[in-house]
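Asks: So the chains spell out like this:
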Amino acid sequence: MNGGRHFLPLTDGERREMLAHIGAASEDDLFAELPPAIRLEEGLDLPPPLSEMEALAHLEALAAKNRHLREYPCFIGGGVYDHFIPSVVSHITGRSEFYTAYTPYQAEISQGVLQSIYEYQTLICRLTGMEAANASLYDGASALAEAAVAACAATRRRKVLISRSVNPHYRRVLQSYLDVRDLQLQELPLREGATDYAAAEKLLDSDTAALLLQQPNFFGLLEEMEPAAALAHRHGALLVLSTDPISLAVCRTPAEYGADIVTGEGQVLGNPPSFGGPLLGFFAARQKLIRRIPGRIAGETEDSEGRRGFVLTLQTREQHIRRERAISNICSNQALNALAAAVYLAAMGPAGLREVAELCLQKAAYALEKITALRGFAQVFPGVHFKEFAVRLPGSGGNLNGHLLKHKLIGGLDLEPLYPELGPAMLFCVTETKSREQIDALVGALEGWS
Amino acid sequence: MKREQPLLFELGAPGRRGCSLPPLDVPAKPINELLPPQMQRQDPLALPELSEGELVRHYTALSTRNHGVDSGFYPLGSCTMKYNPKVNEEVARLPGFALLHPCQPPESVQGAMELLYRAGLYLQEITGMDQVTFQPAAGAHGELTGMMLIRAYHRSRNDQRKVVLAPDSSHGTNPASAAMAGYEIKEVPSDERGLVDLEALRQLLNDEVAALMLTNPNTLGLFEQDILEIAAAVHDVGGLLYYDGANLNAIMGHARPGDMGFDVVHLNLHKTFATPHGGGGPGSGPVGVKEHLAPFLPVPLVEKGEKGYFWKDDLPHTIGKVHGFHGNFGVIVKAYTYMVMMGAAGLRRAAADAVLNANYLMERLKNSYALPYDRRCKHEFVISAREQKKRGVSAGDIAKALLDYGFHPPTVYFPLIVEEALMIEPTETESRETLDRFAEALEEIARLAAEDPASVLAAPHTTPVSRLDEVSAARRPRVCWTGNRKSD
Chain A
15 MNGGRHFLPL TDGERREMLA HIGAASEDDL FAELPPAIRL EEGLDLPPPL SEMEALAHLE
75 ALAAKNRHLR EYPCFIGGGV YDHFIPSVVS HITGRSEFYT AYTPYQAEIS QGVLQSIYEY
135 QTLICRLTGM EAANASLYDG ASALAEAAVA ACAATRRRKV LISRSVNPHY RRVLQSYLDV
195 RDLQLQELPL REGATDYAAA EKLLDSDTAA LLLQQPNFFG LLEEMEPAAA LAHRHGALLV
255 LSTDPISLAV CRTPAEYGAD IVTGEGQVLG NPPSFGGPLL GFFAARQKLI RRIPGRIAGE
315 TEDSEGRRGF VLTLQTREQH IRRERAISNI CSNQALNALA AAVYLAAMGP AGLREVAELC
375 LQKAAYALEK ITALRGFAQV FPGVHFKEFA VRLPGSGGNL NGHLLKHKLI GGLDLEPLYP
435 ELGPAMLFCV TETKSREQID ALVGALEGWS
Chain B
-12 MKREQPLLFE LGAPGRRGCS LPPLDVPAKP INELLPPQMQ RQDPLALPEL SEGELVRHYT
48 ALSTRNHGVD SGFYPLGSCT MKYNPKVNEE VARLPGFALL HPCQPPESVQ GAMELLYRAG
108 LYLQEITGMD QVTFQPAAGA HGELTGMMLI RAYHRSRNDQ RKVVLAPDSS HGTNPASAAM
168 AGYEIKEVPS DERGLVDLEA LRQLLNDEVA ALMLTNPNTL GLFEQDILEI AAAVHDVGGL
228 LYYDGANLNA IMGHARPGDM GFDVVHLNLH KTFATPHGGG GPGSGPVGVK EHLAPFLPVP
288 LVEKGEKGYF WKDDLPHTIG KVHGFHGNFG VIVKAYTYMV MMGAAGLRRA AADAVLNANY
348 LMERLKNSYA LPYDRRCKHE FVISAREQKK RGVSAGDIAK ALLDYGFHPP TVYFPLIVEE
408 ALMIEPTETE SRETLDRFAE ALEEIARLAA EDPASVLAAP HTTPVSRLDE VSAARRPRVC
468 WTGNRKSD
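Top line first, the protein sequences correspond to chains A and B.
The first sequence begins at 15 in our numbering and counts up by one.
The second sequence begins at -12 in our numbering and counts up by one.
Pulled out of the complex, with its shape left as it was, chain A reads as follows (with noise of 0.2 Å):
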């Protein structure tokens, strides 16, 4: 049986004059060319399709087989967490002429795509300080490997110094981008948990094209950002922040320390988990950089009759149209990310969102001081915390997450097998999304625990 009938609306009848009408002789003869040392005369080897009934039902026992976040209350952050989402998002973003539409490259049917980038956009400047922003990239990570690249090309240098207080996984894929453009890359030893600024001062140089910073870093931790941009742009490099939107409802703006290139995560943004995908990586910029931001990016025209319209713009940075000269190569986005993070902005307003900064600051606040007057359980790092913070664990540490699972509980992020230096360590994220009596229950396991 042919398993997707019910997507492909050719009938045999229509197909047998299809085939006579292009003077084919059989469906065989569409494929002659091929050589038939690599035709597949058997076909694949495949399981037999589902129906869609069956389908449901597989896939939904693969679900039931995880323990999701509604089950389990989430202690884990480090980079996509678990905030609210209100129910308007998905509502917007499953209509189906926003999801099933391409790229808008035809700008007169396209009005609704363009005009929700182009006010994504302005959302993403309002909240960074900057001046220009892109219609997204994939991640927080690969946006900020791309600030890197766009710094070493704005300056012409080839070296970036990042802090070691930047989530490490970013480190990871920034490290694979600089590694295959002969770029340098150099690392910030950490000081009571943030960017070495001494460090700093040594390693920048007129070959450095760019600080790289988190703001609040992996650690969870508001880093005194004051000294960092009047350092980097003494030595002539730009200032890159990797941050926490929502933070930014009540932190000093990158824009406030001085930031050049603004990038980070917007997962947080009415957008789910997803089992770290998709993400939405944002980036923005001040307007002397536009023309080194990649991706694409709407603006703001007008059509023959003098109405306001928007078209992808500035196209000339990009793959299509500059080849191997294009400042990147990335194509698709997250658009419908972008438009969830959009519509939740809109939802939250200023003060609903400022509500879920204060909500998180507060909550794990609380967090914080429950589970560090345990015994055995210690703060890492002094400091202020906006929603993360790490937790030295007793003894030896263990397995301290299954533990917690047997309290229908997921733990924090294990931070030994990112930071040996720190020993058994744990980073735990408290969000607006957990009631006290989750926090509670969460002390009370590791109390079992120590």
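Check the hints yourself; a few may be wrong.
Heads up, incomplete: computed chain A residues facing chain B, CB under 10 Å, no partners named [to be verified]:
| id | residue |
| --- | --- |
| 1 | Leu33 |
| 2 | Leu44 |
| 3 | Leu48 |
| 4 | His72 |
| 5 | Lys79 |
| 6 | Leu236 |
| 7 | Pro286 |
| 8 | Gly295 |
| 9 | Glu314 |
| 10 | Leu436 |
Calculated from the structure, these hints are not laboratory results.
Virtual Cβ for every residue (Gly too), placed ideally from N, Cα, C.
Given the structure of chain A, go ahead and fit chain B onto it with the hints provided.
Replies: Relative to chain A, chain B alone:
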């Protein structure tokens, strides 16, 4: 005259909101204690203030100003805009998939890991490759990953090859991805058949060549029938063969890149495997490799052991990571659902119908448009508006005229080797009636181009906006709304 849709920022009123949140349920601390004033945002955050209903009306209005596959025919060449099955959307939203954290303990996500593992097996069988990574988030990301793998492979053999070859008909992402991976690009000319010029290729091949990037069938919709000779020639000089999977839809179940001699392939799940393109993304660009490139794959890889599925992280020669986590999992869920429903015969049938639809449409259209390569095509074909251009009607004008017939136009001005190119890919999910109506529209436009070119140049008339001024948009870019209209 049609009206503009106001911007989000022009709607609502101060004090309105579109969402409610629970009150704080832990003892409150003064905000200045949690966040010192010098770390607080100074610049007031100017987000829109709308009720939920206003918000829904705004986006509903925007959606009506947009054309998707669900709205109508979308024959955008090389983009494989096939129908996106609805069950896929349902499945990807199951909490057991959508609400998983990528760093959860493996024992709590065995179903998700099993799905990745099974999807990998499907793609290995479909492409004839030995192992797959799902990290790349889109096709171009897959190309970059492939180039990184190729570079790592050569370097591991102490070989510093510097050149990547790509045909003059290749997608723009091919040279851009190779350049991003530090390679110098050389273009391989096409011959009069529209295929790789084998002699010219042989001239370009030497021990400096790291790889040849090839799309097969190519962007003219023509199968590179010399593929076995091409593969042998590239391998003879120690180069590798890279498969751009954008056009896999033409041959799925009929032939496999792995059997043709390709060493690395990327796939576009958002094209071939029916996942929606989201107005630009998310896509998914898994990369498959032959055994000799497997040691360099990004980490982690999902593997099956005695106690279930686990993440394999210790690959000593890995290129590292290209995505923060495991790639666009939500998209992979949809593609997997599609594959289990299609099965082997269904995928093979889909490719055959895609090829049949393309040839049927090509046969009809060659009477009214120039057909530079008049041979059996695969899933797409390229016609030229060079005759219409003599009357002042370009490929771009024809595209705009099609908008008034309710069709999304084909890809225009690509591939670059055809003047006034219109690249048409109908896909297998379109009915013969749709193909006939589209052909009639293009025939009528060709007639108008001959008899009344001005009427074509004035199109479109029925769209929410008429032709937009792209030149001044690029000259004075306005990419962020500052509250002032140009005319103010």
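Asks: Each hint should be assessed against the structure and marked as holding or not.
Replies: Each hint, compared with the structure:
1. Leu33: 7 Å, holds
2. Leu44: 5 Å, holds
3. Leu48: Interface hint status for Leu48(A): holds (5 Å vs cutoff 10 Å).
4. His72: Holds, because the Cβ-Cβ distance from His72(A) to chain B comes to roughly 6 Å (cut-off 10 Å).
5. Lys79: 3 Å, holds
6. Leu236: Holds: closest Cβ of chain B sits about 5 Å from Leu236(A), inside 10 Å.
7. Pro286: 4 Å, holds
8. Gly295: Since the shortest Cβ distance to chain B is 9 Å, the answer is holds.
9. Glu314: Holds. Min distance 4 Å.
10. Leu436: At about 17 Å, which exceeds the 10 Å cut-off, the nearest Cβ of chain B leaves the hint on Leu436(A) violated.
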